[in-house]
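Student: Okay, here's what each chain looks like letter by letter:
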Amino acid sequence: MPAYEADLDRFREYDAQVLGISVDSVPCNTAWAKSLGGISYDLLSDFHPKGEVARSFDAYREKDGISERALFVVDKEGKFAYVDIHDIGDQPDNEELFDVLRKL
Amino acid sequence: MTLSRKCVPFTPFERELSKSTIAIVTAGGVHLKDQVPFNIGDELGDLGYREIPPDVDSSDLMVSHHHYDHRDADEDINVVFPIDVLRDLQAEGFIGEIAKKHIGYGYSQQLKAMYEGTAREIANDIDKTSRADVVVLTGGCPSVCHRTIAVVQREIEMKGIPTVLITVSPEVSAQMRPPRALYPKGFKIGNSVGRPGMRDLQKKVLRDALNLLTQDTRPGDFVTIEYPEYGEQYEPPRVKKIGQ
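If you're matching them up, the sequences are chains A and B in order.
The numbers in the first sequence follow the numbering used here, run straight up by one, and end at 104.
The numbers in the second sequence follow the numbering used here, run straight up by one, and end at 348.
Mixed in with the good hints, there may be bad ones.
Subject to a maximum C-alpha distance of 25 angstroms in a straight line, what follows is the list of computed SDA-like cross-link-like pairs (lysine to any residue) [what the hints assert, rightly or not]:
no., chain 1, residue 1, chain 2, residue 2
1, B, 137, B, 178
2, B, 110, A, 34
3, A, 34, B, 143
4, B, 110, B, 325
5, B, 308, B, 216
6, B, 292, A, 92
7, B, 216, A, 50
8, A, 50, A, 85
9, B, 216, A, 20
10, B, 232, B, 118
11, B, 110, A, 100
12, B, 204, B, 262
13, B, 216, A, 44
14, B, 123, B, 205
15, B, 110, B, 318
16, B, 204, B, 188
17, B, 216, A, 26
18, B, 216, B, 265
19, A, 103, B, 110
20, A, 34, B, 171
21, A, 34, B, 247
22, B, 308, A, 100
23, A, 34, A, 100
24, B, 110, A, 44
25, B, 216, A, 84
26, B, 216, A, 63
These are computed hints drawn from the structure, not numbers from a lab.
Pulled out of the complex, with its shape left as it was, chain B reads as follows (with noise of 0.2 angstroms):
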């Protein structure tokens, strides 16, 4: 049997947020210097998934994406990866720890292999290695990666841990219905968590998605918030609507 994605798996939190530990899983291309960077060179992409320690020392990070504009993240990767404003938000007792594995992965085309291949080896690796009580996840480029963040996003929330997606392009991620998401309204692609070097918004940001996790959301519910201090606001990439 297959699972219509109408149904929408849900991992109710019943933790606190200052005693959990969290995880990053991004669609984002994000990858240690020293990895083997994903395949920019095929058009089909990459299915494959990197690794990164929760030690890491974020500019020892780079992208390897071809399908979104990633020069913030170049300049700033917690803007697609906000892995230190995960430690600012430990420092200051929001969050309990932070989770000792977190998944990069890239562009890949291959849909089917990727739902049924990689997207379960994530779950499965956050689940058995992670030690995560709550996965955040965050997409890359507008149309293939919003969606299978949301699959990826989905695997993770069968595996009974809660998690939360922060979407840059919410209808094309809609379709895939995730369990829980943040639309920060009008960020552009490459900007899921802020603009580089913003930590007082891209901490607001985090804090917003992960408190989604102690609210009433139902079951694929997307929240829209507001964040004028972002500055300039981007229209959305549009797609099919239903009944349309």
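Next up, chain A with everything else stripped away, as it sits in the complex (with noise of 0.2 angstroms):
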């Protein structure tokens, strides 16, 4: 999540917004934002009913009762022009996402 803070200036030159969601409740949020020494865009809920907003998407693990880890870039028709699933260990290079804005 640091990664895309430090990038938040160049995902707005794209007139792009950052979310981050997940399903846990939004003081779990607060204090998870806090441990990481503050996010300035906005962290979204999927608490109750828990996981809808993940499901929705197909991101949601029911074995694990967590969301996967993922990025959308939603355009501004509400159409998904990019979704990436990947390994919570991995470390998505934001430059693809700039690639999917540019092309917006």
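Since each chain comes alone in its own frame, lean on the hints to assemble the complex.
Tutor: Dropping the structure here:
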């Protein structure tokens, strides 16, 4: 998440809004953001009904009760322009996202 | 305007190594024992850096870093901060001088502040006060430090000082597009320049890294070199590859 924070100005240059979303509650997200030294973009809580948004994005891990580590770029018409579900240990390159945003 | 990382800053090296002054910058948490240690009590890390003088006795150096195993560096600091190796290369006439200032910094997950603050401050400091013609850089921990060191490298290169990174986490460093980099294949995290006490190997690695400056490398090139004398090989940390 700090990597998105570090590149926030570049996302803004592409008129893109960065949002984080997890199945944790708002207090959990708040504590987590604080533990990262603060995050200036919004963190959304997909807490109740738990994982409903993640399910609609096909990114809910029923067995584990958490959402996947995933990246979605949604265009201004609400359509997916990019979907990437990756392992928890992966460190996606933000340049991949900028490549997508550049073409929207 | 912010620079895309796909745009790689590159300063050609137009001198001779034997007449050049070399500085070291490491993200390995190296500092003098009588300097304030990096704050390893805070998970956010430490955004500061420490200046290391050219005449430092390597036994007066230590590591404060909580995100990699630095026992080898505790035994021989040259594995991440090759100051004695540099002196050997100077004695052999391979390089000219040791720079007037070297830099150690440690772990910080405050990437925005690191990229926009500390990295630029280090580059300014090197530019204004080290008299370096070339900077050699090494990482510390596998993920964060091997990214931040490439950002520091890019900032120094943008000052007009050629640089070379020795990375043991090449995929991680590659995401930040360093201008020039050597990957000593199979070296483990914390062994950027080799194992403790293996001075001949350490010299070879540092020579190879510096020689990249005189070769016609493309901006952003990574050169992988095998060193069988290193012994047991280690897999480097992996990141998600583009297109995967």
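Student: Checking against the hints above, which ones are violated?
Tutor: 2, 5, 7, 22, 23, 24 and 26
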